[in-house]
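Protein chains in written order, with our numbering: chain P, 1 to 291; chain F, 1 to 152; chain Z, 1 to 801.
Source of the hints: derived by calculation from the structure; they are not laboratory data.
Given the structure is predicted, the values throughout are model-derived calculations rather than measurements.
For glycine and all other residues, C-beta sits at the position ideal for the given N, C-alpha and C.
Possibly wrong hints are sitting among the right ones.
[As the list claims (entries may be wrong)] Over 12 Å on every C-beta distance to chain F, these chain P residues come out as not near it, computed from the model:
1. A81
2. H92
3. S101
4. G262
[Stated by the list, open to error] Using C-beta positions, here's what the derived DEER-type ranges look like:
5. L228(Z) to M1(P): 38 to 44 Å
6. S57(Z) to P150(P): 55 to 61 Å
7. P150(P) to G80(F): 53 to 59 Å
8. T12(F) to F792(Z): 46 to 52 Å
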Amino acid sequence: MIPQFKYYRPKSINELKSILGDMQDNSRILAGGTDIVPGFIQQSSRFTSITNLIDINCIADLKAIKNVDGQVLIGSAITFAEIMKNELIQTHFPLLTKAASTVGSIQIRNRATVVGNFVNNAPCADSVPPLLVYDASIKIISPNGERNIPLNEFLLNPYETQLKKNECVTEIIIPAPKENFIGDFYKLGRRSAVSISRISLAFLMHEENKFIKEFKIASGAITPIGKRFYEIENAFVGKEISSETFMEIASTLGEKVLETTGLRWSTDYKLPVVQQMLYQLLERNVGGISG
Amino acid sequence: MIINFKINGKETLINLTKNKRLIDLLRDDLKLTGTKEGCSIGECGACTVIVNGKAVNSCLVLAQQVDECDVITVEGLAEGNKLSELQQNFLKYGAIQCGFCTPGMLMSAYALFLENPTPSREEIETAIEGNLCRCTGYKPIIQAITSTVSGE
Amino acid sequence: MDNSFNIVGKAVIRQDALEKVTGRAKFADDINEPGQLYGVMVRVPTVHATIDEIDYSELLRVKPDSIIVDSTDIKGSKKIGAIRQDQPIFSFDKIVTPGDVIAMLVGESEDELKSLSKKVKIKFTELPALTDPTRSLEPNAPKIHPQYESNLIVHYPLRKGDVEKGFKESDFIHEETYTTQLVEHAYIEPETVLAIPLEGNKGIKIIGSIQNPFTARKVVASVLNWPLTKVRIVQAELGGSFGGKDDTMNILSARAAVAALKIGKPIKIHYSREESILESYKRHPYILKYKVGCMKNGKIIAMKIDILADGGAYSSMSPFVTWRSVVQATGPYDIENVWTDVRAVYTNNPYTGAMRGFGSPQPIFAQESIMDEIAIKLNLTPDEFRRINGFKAGSFTASGQKLENHDVNLLDVLDTAIKETNFTSKWKEYKSKTSFNGYQLDKISDTNAEQLILKKKDYINPNKLLWKGIGLSISYRGCSLGAEGIDAAEAYLSVQNDGSAYLLSGLAENGQGMRTTHSIIAAEVLGISPDKIYYLETDTGLIPDSGPTVASRSTLMGGGAVKAASDILRNRFEDFLRLEWKLKSQSEFIFKDGFVSVNGNPQQKISFSDLCSLAYKNGICLAAIGWYKSPEVNWDEHTGQGSAYFTYVYGCQVAEVTVNIGTGQVYIDKITAVHNPGKVINLLGAEGQVYGGVTQGAGYGLWEQVTTDGGKIRELNFDQYLIPTAKDLKEIKPVFVEGKDVYGAWGGKSLGEPTLELTSAAIANAIRNATGKRFYNLPINLEELLLRRKLFPKDLKRGSS
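Next up, chain P with everything else stripped away, as it sits in the complex (with noise of 0.2 Å):
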């Protein structure tokens, strides 16, 4: 069933920031419409209250992806789709290329936004571990002006972030990136396509004679809430590239996991699988077997 919502589709920046000023609750961004849809339909607690639905796919600015000064802007109505036709993001954040490819379907990535898919905050949205090893931050504005922040403070818990009403994410921004980083994103879903991740997870490391200079690691599906891994990062700066360090990496990795996220249903089988495959990603990315 869907709500006799009052629907707004505002053409400029500005004129969202009027509607997002007028907006009492129950309020909703309407973009890809690929979870609020069926939300409707299925009478879904989150979507059935909505009164309002302010449609930002009419918005030049935000239906864009920019190059500034190094850093790349992308709107928030920027689809999957669109993000992996994107030579400037398949060049310089081709983890980020990979994950788009993975999500839902065609049909799916044709409607669904990137901002969209981590502005719930589910733990499966697979843009999330790319966005987060990128050092990834988002700008939000609302009637009163508007403030960036970091994806990884934005992320609060499960389908809960620092977004307040009467705001707006409008671009996500994504620092210059450094050159000699090798990376990868793996999902692993139960089928071969239109699958849910199982597990998900990014890394990028920067290597200078057999010694890891840098390195960046992020989950998706397999902790509450998508999550970078200072810890593990900086405990393995200087380490020498070899398998046994590539082990020590994916059983620490596996130890963080199961103190972040503890016991669930899936344990038994996502932390022994995650650390293998992080195990297999860094082999095949950083030492050179190929496979």
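Dock chains F and Z against chain P, hints included.
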């Protein structure tokens, strides 16, 4: 709200008296029942239509969102009584059994060709990964699309 | 007719393809009737309870003119069922499973009705839920249907020879237990029905996504307490069924009919995916215990089988499904001593009934897994072992039936598959040298959670992450209903005086392509193009009851009837021409390419259309009814002995897989499906059956499972219930080894179900070949492969993992 959009090439004005989804607009208001509803959550692809050249699940789109858009449904594929090559190949290669997923499959394949006239087999499989079929095992469908590329 | 066919065996385009590619085909939900109202169900969120009171007062306070339909509106049978009448149209005494419906609200707006349905207050007393079928027969188990003595739905024994003596004489004994899961048909079209009350005394017309129009008619007539003739069922274009649009649709038809007659308006019911999965029946989960006695030379001499089937809350088709299991449980092996017990029991789980395969995929998974284990024990390849025991012409089945009067070409089929896939050398090459252990974890709790952290030895060499395997499975399958019941079908063929023809059989088009197959048969006999044949709409008012469209019987039985009708007409034409052309009584004719000519004198010919016109003008009847009745079969309920089916088909599938031992993922590289369907009538349709059946079988083997938590289904839509996508099976190769048979149309028999029943077993054997490990429980999903157990969430939300 009045929406103005092109449906299968024809300019159409609709006065929306209540909020609804695109699939309901197509099936109930425009009587274009070729578009099917199988799951209502964007998983089966039976309701796939093309909006501004891109395949979308019409169960995930609000009717308001196609204002000023170009929408194509399965009813818009044939020119009069002449089937498109893609449709003919669906016949020829046995890509149809019960036929319930067929309109969505055709639209996904059609959208693929709009973007990429010479897709690889992998690109073809990706194009229809969001369209579930329980009858054909997909192979004849992939064959029909492949043959449309090669012009066999 | 000899084997030089004009059309039969070639690839023929479906008759209904044009409307299906243009979006014009009318499925049930595409049909609307002016003034129709909608029906919305009222359910109770419980698993097992007695209903104390249904209180509509709050509903009537909110909406005083609410239209309510419940069991008090039923004048005829309040409960229905094929064998046992245990399933209510509307529940009134008990709730036995969460899909149960108490009442239906009727009105213009489904949205409004859905919110109003929450105003119906049902007072009920919860009863202990019985969800474990192994507890069903315990003396203190809750009784699901108190009118029956126990929760036993049916028990089929089969006794052949002396099984204990056989075990004593065996060189070794092999015992294993297997389990299979609950699965959903997952037709893409959810259920829809439209009931239209007709004017005056004409009764009611029901249009719907109905698999078996005659069964639906019988149910509706008995619920209304009306004669059959006043209930007309018309089948809409059916969006997939696979055995699944039978009982559920009969009940929905009855609910719609009762409501339509109560208020005198057309009523439409259409289900969401969630309601469909919640209420519709599923495939039976089985627990299968096998004990096999074998000689060192590879000969199996004794087999004892104990099977328990979870029938869920209603008996439905359980008595038929499990009967096929008892007939076929040994697999296609000639065994002197067999002792089989198959039982189906009630639980509070979703009820189970007919699904493509119908009691065969479960035993085949078990029996073919065991065959490979014994072969490995004997140091034989899987095919060598099967050649020793597999059926040959003159072999005896477990029920003591001698296999004769048809091509018993099981071993040809097997050999073809072996050659086609280069099986033996691959099997030996892949055969795991080192056995794979997965993550052998104890039950993890807070005290031993450190077991989850991998040690160095647990990390897999990246070059050894992916392991290949190949496996096969074989089966035999009794065609059509067998001793389940009366087995006959009718077809009506009416040639017009321009040479075109109407055709209709009493079986139904469920998407499988039956209309095309039947048209080919008539066209072949009459020597015309199948395009000349117009297949009429399936309508119970136009054709006699020909039984249900099940058991892969539409080509065999329906095809036999079409051929009979066509032969009658052809003979009539031939007699007419002999008179007209003053020919000898023994002169023969050739019907080909739209012409009829005298055999041996091709100059003497007439076009088929001219012949029709001429015959019509001479007062010849151009319509015929063909009837095809199966030969006699028999069955002894006490010993399980008899000739269960009048003929059989044989199949062999080979699966080639790659196993990711780090994640437990199984990738299907190729399935080669070799089948003997008798005679292939439409190559395009036959190949389509293979592609579809194999894909469903693979889903059954690896991904699909409906699970319940306290009796309630977790997977209610396609985000959680995962059927294969276009990317999940790389290659499927159909191969047909045709066999000669006297039955049906030129020996065209069965294919739809054999294609599905073999796949999961072949995959399981391929996984065994790759990993060196046997898996006993379907589906062999990620957790099963790595942990040997299934993990289930406490709470599933859309989008959760």
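Here's how the hints hold up against the structure:
1. A81: At about 7 Å from chain F, A81(P) fails to clear the 12 Å cut-off, so the statement is violated.
2. H92: The assertion about H92(P) holds, with a minimum of 24 Å to chain F.
3. S101: violated (8 Å)
4. G262: Answer for G262(P): holds, closest chain F Cβ roughly 30 Å.
5. L228(Z) to M1(P): 38 to 44 Å: holds (39 Å)
6. S57(Z) to P150(P): 55 to 61 Å: holds (57 Å)
7. P150(P) to G80(F): 53 to 59 Å: holds (58 Å)
8. T12(F) to F792(Z): 46 to 52 Å: holds (48 Å)
In this structure, the earlier hints numbered 1 and 3 are contradicted, and the remaining ones agree with it.
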